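Participant: Keeping their order, the protein sequence lines are chains S and C. Residue numbers for the first sequence follow our numbering, beginning at 1 and rising by one. Residue numbers for the second sequence follow our numbering, beginning at 100 and rising by one.
Hints in this document: simulated from the structure, not taken from any laboratory. Errors might be hidden in some of the hints.
[What the hints assert, rightly or not] Incomplete in silico selection of chain S near chain C, CB under 8 Å:
hint, residue
1, L62
2, H88
3, G93
[What the hints assert, rightly or not] Just the calculated beta-carbon pair ranges, DEER-fashion:
hint, chain 1, residue 1, chain 2, residue 2, range
4, S, R51, C, N336, 19 to 25 Å
5, S, T25, C, S242, 30 to 36 Å
6, C, A260, S, N28, 20 to 26 Å
7, C, A531, S, E30, 16 to 22 Å
8, C, N336, S, K54, 45 to 51 Å
9, S, E90, C, N528, 54 to 60 Å
10, C, A521, S, N28, 46 to 52 Å
11, S, N28, C, E517, 32 to 38 Å
12, C, A521, S, E90, 32 to 38 Å
13, C, A308, S, K54, 21 to 27 Å
14, S, K54, C, K243, 34 to 40 Å
It should be emphasised that the depicted structure is a prediction, and the values quoted were computed from it without experimental measurement. Quick reminder that beta carbons are idealized off the backbone N, C-alpha and C, glycines included.
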Amino acid sequence: MADNAENGTPGGGDDQPEHLNIKVTDNNNEVFFKIKRSTKLEKLMNAFCERQGKTPHSVRFLFEGQRVQKTDTPETLDMADGDTLEVHQEQIGGFSEGK
Amino acid sequence: MSPEIRRKSSVVAAPQEGLAEMIRGMGSKAQVPETPSPATTGQGVFASTSQHHIDDDITFHLSLSPTPTRPSTTPMAPEHGSSPAPHSSLSAGGAQDRFPVPSHGGVNLTYRERDMLRDPEGWLNDSIIDWCTGLLLAQYFGSKPPRTLCLSSCLHFPQVAKLPLSVAWIVHPMVASKHWTLVLVRLPQNKARDDGAVFLLNSLSTIKAPVEKAQGIMDSCGIAGQVEVVPCPQQTNGHDCGLFVLHFVDMFLRQFEDNTRSLPFLNIPMKPFLVRTQFVSQLNTTAKSHPFDSFQLTDPPPPPLDFDKLKDNLDDFFQTSTKASATCIATKAVLDAQLRRGEDGEEAANQRLQSAFSAFGRMRPIANKDESKAARARIQQYMNDQEAAATESEIARHRLGFVRRAEGITAAVLGRVEHVLAQGREAMNSVAAAGTKEMPVENSLSDSVAKENGLETLGEDGRADATLSKRVKRKPSNYS
């Protein structure tokens, strides 16, 4: 559908492609996304959660060890083509014998 | 005048000044450090929002066949400058479920996390832990966290190799079998790799899973040896471990300095509910000052607080400190009287001694042999009297020094308790405002104030003051 970026760059005179391939992995599954540099990663997260049958608040997306916010874009995170987002489960603690 | 008496008076005068110095010194030292007020700096360090248009199609494609290409991790030159727009996230789709506080530790809280913290028995998740530790970091270091420190609950330990070389300590709240513990990693600084260590603070030491997990971390950091389990306060229930971890992080950051290689003292007692109240109140204050208003619409009714428990705890604190304060006042009165008596006696003895000396000087000793003998005896006796009186006032002064120090500490404790009470009242009022229950905090307080007047606990000899100051000295750390 969407093609790789030969359509030039909208803003500056750089030669970065407009679309990036991003790998999202939770150690079991790997999903590749092709995403515009200016698209919010929320779309990617929701798509991943939907696909894996997870609720969005139960997972954490990490890029180079830092949490990814819904409003982040590849641009704000300086992501490069082929970068990886790691998915971690929510951690919750408070110990009781029954649980 | 005989040289003997001059020597005597100078001996008496010197310790007076010394004692006064000592008392002044004690007074100024008996200060409990203030907790920093909720930070107004360093907020939104990680909050990155973007104004770029979001109307483009979702252009991702899914593929389950992983390509063998190794992802490059070299960061790109930041040619695409992001234009931060502080509140553009309001219009973003995910704004409703977010609790309107500034992000800390790279986390924006949701209502779910806020409620975890508000619930007196709520478990904490990694987001709230990261938010709170991020808040502590901002409190203690502003927008410039020390470069030697890495604080994260979601650090992936194989990534340790990628950390900047400046990092010396990793503060890692860790979950193992649904239990929060704190792992402190001291990375080896030189290639000799001799002083690396992993410390574990486990508020429920009967659970052994964290030890194994910490050992795994130690191995993946390339540090040889055994995990060192640090003695620390223990929880008495099944839901406070997150709060203990926050307390440990607080104590660690509070004592942290760049180039610190030794582990700070962390075995400091605490009250979990105080930690919870503290963070809830910070959450509330920052939420109030943060210009979001959407949460008014989506704010679910807050869960009822356990008023009785809260009230008991606050009462307990208040009574202990007012008791200590009253004891201080009583002791001081007794010792003041003793000091006055001693000083008066000293004064009288001095005068008598002076007059006896002058009488002796007027006398012709050879003519009145018996009389001069008697005069000498009197002088000797007066000197003894003066010495006794001086000793009495010196002892009183010494004890007063103790009491004044205890008093300073008690005053600090009382100030702290009042601060906590204010927080407690605020928390209760916020709940009362939500229409659940009215809470007459003030009544219970005036009760304990009334009790204060009936406290006359100290013996005449002022022996209790040493134990008192010991008891009081232990207190401040409970609130810190």
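Participant: Next step is simple, just say for each hint if it's right about the structure.
Facilitator: Okay, the hints, checked on the actual structure:
1. A hinted interface residue such as L62 of chain S counts as satisfied when its beta carbon comes closer than 8 Å to some beta carbon of chain C; here the least separation is about 6 Å, so the hint holds.
2. Against a cut-off of 8 Å between C-beta atoms, the interface hint on H88 of chain S holds, since the closest Cβ of chain C lies about 6 Å away.
3. The interface hint given for G93 of chain S holds, since its Cβ lies 4 Å from the closest Cβ of chain C, which is under the 8 Å cut-off.
4. Here the CB-CB span from R51 of chain S to N336 of chain C is close to 39 Å, at odds with the stated 19 to 25 Å.
5. Between T25 of chain S and S242 of chain C the beta carbon distance is about 33 Å. The supplied range of 30 to 36 Å therefore holds.
6. Remark: the range hint 20 to 26 Å for A260 of chain C to N28 of chain S is upheld by a beta-carbon distance near 24 Å.
7. In this structure the supplied range 16 to 22 Å is violated for A531 of chain C paired with E30 of chain S, their Cβ-Cβ distance being about 52 Å.
8. A beta carbon spacing of about 31 Å between N336 of chain C and K54 of chain S contradicts the range 45 to 51 Å that was offered as a hint.
9. Distance hint for E90 of chain S and N528 of chain C: a CB-CB separation of about 32 Å, inconsistent with the stated range 54 to 60 Å.
10. A beta carbon spacing of about 50 Å between A521 of chain C and N28 of chain S agrees with the range 46 to 52 Å that was offered as a hint.
11. Here the CB-CB span from N28 of chain S to E517 of chain C is close to 54 Å, at odds with the stated 32 to 38 Å.
12. In this structure the hint that A521 of chain C and E90 of chain S lie 32 to 38 Å apart at CB holds, the actual value being about 34 Å.
13. The given range of 21 to 27 Å is respected by A308 of chain C and K54 of chain S, whose C-beta atoms sit roughly 25 Å from each other.
14. K54 of chain S and K243 of chain C have their C-beta atoms about 36 Å apart, which keeps the hinted 34 to 40 Å range intact.
In summary, the structure is inconsistent with hints 4, 7, 8, 9 and 11 from the numbered list given earlier, while agreeing with the others.
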